[in-house]
Amino acid sequence: MTQRITRFLLPAIVPALLVALWWMASAGSTSIFFPPLAKIWQRFHELWIFDLVGEHVVSSLNSVLIGLGISIVLGVGLGIVLGLNDAIATAVGPLLQFMRYLPAVAMLPLAIQLMGIGPDMRVLIVVLGALWPVLLNTIDGVRGVHPALVDVAKSNRLRPIDWVFRVVVPSASPQIFAGIRASLAVSVILMFASELMGASQGIGYFILETQRQFSLPEMWSGMILLGVIGYLLNVILLLVERFALVWHRESRS
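Once you know that position 173 of the sequence shown is 173 in UniProt numbering, the rest is easy, because the numbers rise by one and skip nothing.
Honestly, I wouldn't trust all of these hints.
To be verified - Pairwise CB distance ranges (calculated):
no., residue 1, residue 2, range
1, T90, L17, 45 to 53 Å
2, T90, D120, 44 to 52 Å
3, R159, P15, 46 to 54 Å
As the list claims (entries may be wrong) - Lysine to any residue pairs mimicking SDA-like chemistry, simulated, CA-CA at most 20 Å apart:
no., residue 1, residue 2
4, K39, L226
5, K39, M223
6, K39, A27
7, K39, F214
Note that these hints are calculated values from the structure, not bench results.
A quick note: this is a predicted structure, and the numbers were derived from the prediction, not measured.
Glycine is no exception: its CB is placed at the ideal position from the N, C-alpha and C atoms.
Please model the complete structure; the sequences and the hints are all you need to start from.
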């Protein structure tokens, strides 16, 4: 019991100390750029406790979750096909590497021209950036299936569909989840970037507008909210991963 409490409280110690330090150090601040944390918290409470959630937070979360969901479906599906077929993977390898290192943010102007300013454009930008970690990790995970599992599957004459869904996907799932976690971080970044250039709502749009109006406490509150949302999404994904890969941890132990 004591170990569980310690594991729960230990990660909170450093953030709590940093917040306390920031609160005390900024208490007497008169700088327009670095207002007191107490004032930022007051604006955070006034703006983000239900007030602007429907207008800005929901819009941003939709872009992240829809874009990440599409990236997972495409990345895992294509990754399994390419991981199981070396000839196709070799043929499209140069194209994958080219697209991987082409920043999705660089395609924002083109996406705006093609799709206009709206949620579809923001989802597209998220997909263009978040697809690659899932895809490449899935390919590596599929190619890394243990040879012993291959021999067992052949000896039991598994059907191709059973081979894929009962052997390949479970074996590659730890690496697939690693790719999804990387894609989540990319999705949040690209959501924010797309809202800076092509949005009329969203957290990125709110931060940009408050910066232009020199409403710095409001701007800081939006930045803090963005970090909190990213952290909570990562925690949720870790819980899903922990539940889905419980068999993996037990086999390793």
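Earlier hints that do not hold, by number: Of the numbered hints, just 2 does not hold.
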